[in-house]
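**Student:** Following the hints, complete the assembly by docking chains E, F and H onto the known chain C.
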Amino acid sequence: MKLRVLYFARLRERLGVAEESLDFAGTTAADLVAQLQARGGAWTEELAAGRAFRVAVNQDIVALDARLTDGAEVAIFPPVTGG
Amino acid sequence: MKLRVLYFARLRERLGVAEESLDFAGTTAADLVAQLQARGGAWTEELAAGRAFRVAVNQDIVALDARLTDGAEVAIFPPVTGG
Amino acid sequence: MKILVQSEAFDLGAEVDALRQGRTDVGAIASFVGLARDMNEGSGVQAMTLEHYPGMTEKALAALVAEACGRWTLLDVTVIHRVGRLLPGDPIVLVAVASQHRGEAFAACEFIMDYLKTQAPFWKKEETPQGERWVEARASDDAAAARWDQP
Amino acid sequence: MKILVQSEAFDLGAEVDALRQGRTDVGAIASFVGLARDMNEGSGVQAMTLEHYPGMTEKALAALVAEACGRWTLLDVTVIHRVGRLLPGDPIVLVAVASQHRGEAFAACEFIMDYLKTQAPFWKKEETPQGERWVEARASDDAAAARWDQP
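Residue numbers (the numbering used here), protein chains in the order written: chain C, 988 to 1070; chain E, 988 to 1070; chain F, 4 to 154; chain H, 4 to 154.
Mixed in with the good hints there might be a few duds.
[Said to hold, decoys possible] Here are the simulated DSS-like pairs of lysine-lysine, each with C-alpha atoms no more than 30 angstroms apart in a straight line:
(1) Lys62(H) - Lys128(H)
(2) Lys62(F) - Lys989(E)
(3) Lys62(H) - Lys989(C)
(4) Lys5(F) - Lys62(F)
(5) Lys128(F) - Lys62(F)
(6) Lys128(H) - Lys5(H)
[Claimed, not checked] If you only want the chain F side, here are some residues facing chain H, beta carbon under 10 angstroms, derived:
(7) Leu15
(8) Asp41
(9) Ala99
No lab work stands behind these hints: they were computed from the structure. The structure displayed is predicted, hence computed values, not measured ones. No residue lacks a Cβ here, since even glycine has one placed at the ideal position from N, Cα and C.
The shape of chain C in the complex, shown without the other chains (with noise of 0.2 angstroms):
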């Protein structure tokens, strides 16, 4: 499935891409952050087991265990600090 992913804050900076589109094989938010930490540098080290982000699907904030349908917009970004 296509996937449009999107990095915010701290994490856009450190990944060097704000948004991307990606060809997705897995199902679930968990197998998309394994995909993605597997480009090693940066990916590997910000969503290693352990670090803080978020993941939204949809504008949502969901579980790692949430299934991923095609076409989803998923965002990856750190804990929120506005207000």
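**Tutor:** Same frame as chain C, but now just chains E, F and H:
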């Protein structure tokens, strides 16, 4: 001793007086209330035991066992309802 | 600290601006405006008149603010309470609290309102279709104030 | 209900007036303004930039307001959050809640702020004498939001 006694709100209306100067031979706020209650009519009714009223001495709310001093400003009023 | 008892209306925006003007250490301003409603205890209210105890009112409000400043770290506080005749929709009371962090601003603002309701010598008389009536003190206000009592 | 994400400043007085204009059933308006401070985590802050996630931000704020309306009886709510570059002293966020009674207005206003701090996709980057830094999420904000979790 001499006291200046003020009445507010519903009590002022029911008692028909906003302010008076008073000779007082007792000791405590409770003694003053008993002296006023002895006037009969609305005084007896409004200042009866169990009726909700507050006593302030020199602009601080006090308990009925507070001692009064010569020249004190004593105020008697219903529970407050501002805000 | 600014404490006023007045018949005139107040300007929330101007009062909050005054709390933060010329300073960059304020992180949070919690404020409250209480307004006259057209309905109370199940019957219509056409107007109300607020009576107070001049002298004691200011003293009681200053004591409330001092108590709040002792409980929380506050940068500034404004309390304005109106007296006289007010119509439904008219603002009655303003409390605004500036602090570094929001938790303290919210707590102090609500504390001042809760204590004001039970400690400051104001009384409301309402004009209703059935005539004039003095508003009775409410047990819920005593309960709200009691929440802040220290153990 | 009014929810805005904007770079422009907001006007607290005008927003609160809008909540009460033309109605006489509002008894209480609790409001909160969060401001940029010149100091955070022990070092000076010369400016900050607020990034957000367009689309999700508005959706997350609307969900917070809907959650508040489900928990309390509210008459109206306004939430405005600024984005872009801000200087110390600049207002960042406004939450204003109108209701019949003050307890609900205070609770809903603080609830919305606490949840906004942990749920709405905004991120702050500070400019300090030591360079730029992304603000880290604070455990105290998680704790403040957790207070509202239902048992």
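**Student:** Return the numbers of the hints above that this structure violates; sort them in rising order.
**Tutor:** Nothing - there is no hint that the structure violates, so all of them hold.
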